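*Asks:* Here the protein sequences come in this chain order: A and B. Residue numbers 31 to 322, in the working numbering, belong to the letters of the first sequence in order. Residue numbers 10 to 127, in the working numbering, belong to the letters of the second sequence in order.
Simulated from the structure, these hints should not be mistaken for laboratory data. Hints are not guaranteed to be accurate.
What the hints assert, rightly or not - Computed cross-link-like contacts, EDC-like style, restricted to lysine to aspartate or glutamate with a CA-CA straight-line distance of at most 16 Å:
no.: 1; chain 1: A; residue 1: Lys252; chain 2: A; residue 2: Asp209
no.: 2; chain 1: A; residue 1: Lys290; chain 2: A; residue 2: Asp263
no.: 3; chain 1: B; residue 1: Lys117; chain 2: A; residue 2: Asp263
no.: 4; chain 1: A; residue 1: Lys131; chain 2: A; residue 2: Glu150
no.: 5; chain 1: B; residue 1: Lys117; chain 2: A; residue 2: Glu226
no.: 6; chain 1: A; residue 1: Lys252; chain 2: B; residue 2: Glu107
no.: 7; chain 1: B; residue 1: Lys117; chain 2: A; residue 2: Glu141
no.: 8; chain 1: A; residue 1: Lys43; chain 2: A; residue 2: Glu141
no.: 9; chain 1: A; residue 1: Lys252; chain 2: B; residue 2: Glu101
To be verified - Going by beta-carbon spacing under 8 Å, a handful of chain B positions derived as facing chain A:
no.: 10; residue: Ala96
no.: 11; residue: Ile97
no.: 12; residue: Leu99
no.: 13; residue: Leu102
Stated by the list, open to error - So, partial list: chain A residues that the calculated Cβ filter (under 7 Å) puts toward chain B:
no.: 14; residue: Leu148
no.: 15; residue: Met152
no.: 16; residue: Gly228
no.: 17; residue: Arg270
Please read these numbers as outputs of a predicted model, since none were measured by experiment. Just so it is clear, CB atoms sit at the ideal spot from N, CA and C, and this is done for glycine as well.
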Amino acid sequence: MKEETQLAAIIRKNEADILSEWIKAQMAKQTRRDQVHEAEIRANCKEFLAALSEAMRATGSVDVRSPDWSKVRDLLTEISTSRATQGFSPTETATFVFSLKHPLFARLRAEITDARALAEEMWRATLLLDDLGLFTTEAYQKSREEVIHRQQRELLELSTPVVALWDDVLALPLIGTLDSGRTQVVMESLLERIVETGASIAIIDITGVPTVDTLVAQHLMKTVAAARLMGADCIISGIRPQIAQTIVHLGVDLSAVTTKASLADAFAVALKRTGATVTRTAAASAAAKPSA
Amino acid sequence: MEKIPILRMGRTLLVSIQVDMHDQLAMQLQDDLTSRIVGDRANGVLIDISSLDVVDSFIGRMISNIAAMSRVLDAQTVVVGMQPAVAITLVELGLQLEGVRTALNVEKGIALLQEATE
Numbered sequence: 031m032k033e034e035t036q037l038a039a040i041i042r043k044n045e046a047d048i049l050s051e052w053i054k055a056q057m058a059k060q061t062r063r064d065q066v067h068e069a070e071i072r073a074n075c076k077e078f079l080a081a082l083s084e085a086m087r088a089t090g091s092v093d094v095r096s097p098d099w100s101k102v103r104d105l106l107t108e109i110s111t112s113r114a115t116q117g118f119s120p121t122e123t124a125t126f127v128f129s130l131k132h133p134l135f136a137r138l139r140a141e142i143t144d145a146r147a148l149a150e151e152m153w154r155a156t157l158l159l160d161d162l163g164l165f166t167t168e169a170y171q172k173s174r175e176e177v178i179h180r181q182q183r184e185l186l187e188l189s190t191p192v193v194a195l196w197d198d199v200l201a202l203p204l205i206g207t208l209d210s211g212r213t214q215v216v217m218e219s220l221l222e223r224i225v226e227t228g229a230s231i232a233i234i235d236i237t238g239v240p241t242v243d244t245l246v247a248q249h250l251m252k253t254v255a256a257a258r259l260m261g262a263d264c265i266i267s268g269i270r271p272q273i274a275q276t277i278v279h280l281g282v283d284l285s286a287v288t289t290k291a292s293l294a295d296a297f298a299v300a301l302k303r304t305g306a307t308v309t310r311t312a313a314a315s316a317a318a319k320p321s322a
Numbered sequence: 010m011e012k013i014p015i016l017r018m019g020r021t022l023l024v025s026i027q028v029d030m031h032d033q034l035a036m037q038l039q040d041d042l043t044s045r046i047v048g049d050r051a052n053g054v055l056i057d058i059s060s061l062d063v064v065d066s067f068i069g070r071m072i073s074n075i076a077a078m079s080r081v082l083d084a085q086t087v088v089v090g091m092q093p094a095v096a097i098t099l100v101e102l103g104l105q106l107e108g109v110r111t112a113l114n115v116e117k118g119i120a121l122l123q124e125a126t127e
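Turn these sequences into a full structure, and let the hints guide you.
*Replies:* Following this line, the structure appears as structure tokens:
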């Protein structure tokens, strides 16, 4: 693999020049100077170029998926991840690799006089850098997806609070779309709290659920059924007019469940069932709740 | 042979299931319970399953059957102390134990029976 070593040799020989031109090109392209300090770019470029020339020395292959390139890959992943979290666009991240082309090609042109050999080397370098660029984009994408997944998990935990409204009365304000995974979490946390508090009535408030289709309704019914098996009654509240219409149009049968338009109505029913009454004192009539 | 004890409290029969159920035991329990309901003139049956961590479709059906038999003999059935995991499993299995009343613990179950028979 004579040609390969030629490319590698050229990079090694001109490492310093390529590096400084590469950094200059990147600094010029960078529109928002606050994003990455020059020192960081310099360090990244230096490390990357060193890893690149080492990998090329070790192997004749330009297949970036092979184990010889693992160091380069790791480095790129690291750079992409850090840039993804700093809010770079995919283009800006990929430019890190692609901007190496210009200084590298300039060196190749200077070093190789034979036109055929030059074309050959250029082609190889292009293939290599394109692959590395694509890899950067992939790594960028992956780290962004990880962020999304983590946020999804956090949302799932955050969005299912079970609050005790009164002795024996729990409320479960649902916010966001109900899918099967979410329903499972909702169900579990509700049942756990029923056991903990010994509550006999649970109010499921769906004011924050944007749409109710047959699947969501089915999930709600499952939660209600599970709570009933534990010995707690459920009231579904917060049904908006549009949702009431949708439920009827879809032919979902909610007749087995007590439904109320608002949380306040459901709470009044719950108080009545537990035998509690709330009365307004004359002095604090403005602040007190209406009687159940 | 192992047997599930049936305790009498007034006109309520108390059954606490604490061992793994199998066909033989379930049949035995159904036999015992129906004859006790008739013999003791009971009007309420309370089944405590708080120590069951695993419930399969067999036990689910058995509980439904016991409830149906008791109803024929004019006794109310209350299942108490179901674990959250068990409740979720039964719902996922599509066994919602319709016609069976439920309560969180024995205390509430007895209150429910008293209310129903008054």
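*Asks:* Just pull the numbers of the violated hints for me, sorted ascending.
*Replies:* 7, 13, 14, 15 and 17
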